[in-house]
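Start from the sequences and build out the full structure, keeping to the hints where you can.
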Amino acid sequence: MAFEGGERGTTDERLTARLRTGVGERLGTSDEHDTLVGVLFCLPNLVAFSIFLLGPVLYAFYISFHEWNILANEGTWIGIQNYVAVLQPAPWANDWAPLTDPTANTFWYSLKTTVVYAIGTVPLQIYGGLAVALMLDKRVRGKKVYRAAFFMPMMLSGAASAVMWRWFLAADGIINSLLPSFLEHNWAGDPGTALMGVMLMAVWGGIGGNMIFFLAGLQNIPEELYEAARIDGATGWHRFRHVTWPNLGNTNFFVIVMAIISAFQVFGIALVFSQGGPYYATTTTVLLVYQRAFEEGAMGYGAAMAFLLFCLIFAFSYYQYKNRDQAEVGY
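Quick note on UniProt numbering: the sequence shown kicks off at 1 and runs consecutively.
Derived from the structure by calculation, the hints contain no laboratory data. C-beta atoms are modelled at their ideal positions from N, C-alpha and C, and glycine is treated no differently.
Below 25 angstroms or equal to it, Euclidean Cα-Cα: the simulated SDA-like pairs (lysine to any residue) are:
hint, residue 1, residue 2
1, Lys112, Pro91
2, Lys112, Asn94
3, Lys112, Ser161
4, Lys144, Leu218
5, Lys144, Leu124
6, Lys143, Tyr226
7, Lys144, Met155
Ranges between beta-carbon positions, derived for each pair:
hint, residue 1, residue 2, range
8, Lys138, Ile51, 40 to 48 angstroms
9, Arg241, Glu295, 45 to 53 angstroms
10, Asp101, Asp232, 54 to 62 angstroms
11, Glu295, His242, 49 to 57 angstroms
12, Lys322, Trp92, 25 to 33 angstroms
13, Gly236, Ala171, 44 to 52 angstroms
Laid out in structure tokens, this is it:
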């Protein structure tokens, strides 16, 4: 467990500092030299990030203030009109019609669809991955086979998964062939159930990835903590609550944030599964950005929607980071 008092830690830190200073003097290096070497090692990644990621993002932000012609690669400055057009009419100013009628405001309707998708998939992906990881972390016969089976959906491309699941959920698909005749339904073609099909596909594909992260976190928990808990008479639930869960704090934070970001950025499976239909039932925000910007040519309008979505994701991620438990478990 963590040492009480700071004497041992202070002594170790002083010894480490002296060793580093001595080695640096023998090699003719200094702290400034080490910093420069670190910057030089990071420089290629920083250059690639600036050119291929940061640069296009800033350019898209610039385009969002224009009525942009993608063929001529030029535009007319219109200020914040694209942002106003995206947000108007606001749901609260129009009897919440944009949340129920896609023709009132497609952006708000697609944002509602994305939120419903996130609420329906993220908890199942996270807790499903944790449950599978807990089972496979034990001594189970054929554990490697089970791990590969659960991770296999992650190895398929989103397009292949969407085509496969659309075939499963079609009116003449495999799902209906296994159901009684009175339960048969066109799951992929009905606006009331199409989004559920996309969510089912996302959960099926997301559990395996989260399982890997949780397995890595579980294997970093010292076995001595479990042995001490057993000696104290802790039940399986108490060992999970007081040993496993606190030690998975950083893993939980990472998995939750990444799962929500991924849910708000869902695009490929919705596009291939039903191209946003039927009747906007699976039109997520990123899919709407693609349709407006590349299919309809309204690049400025699409860029404005993209940055509004970015602000929403950034605000949530920052909130999670600021409010997460910063305390780390010491051994």
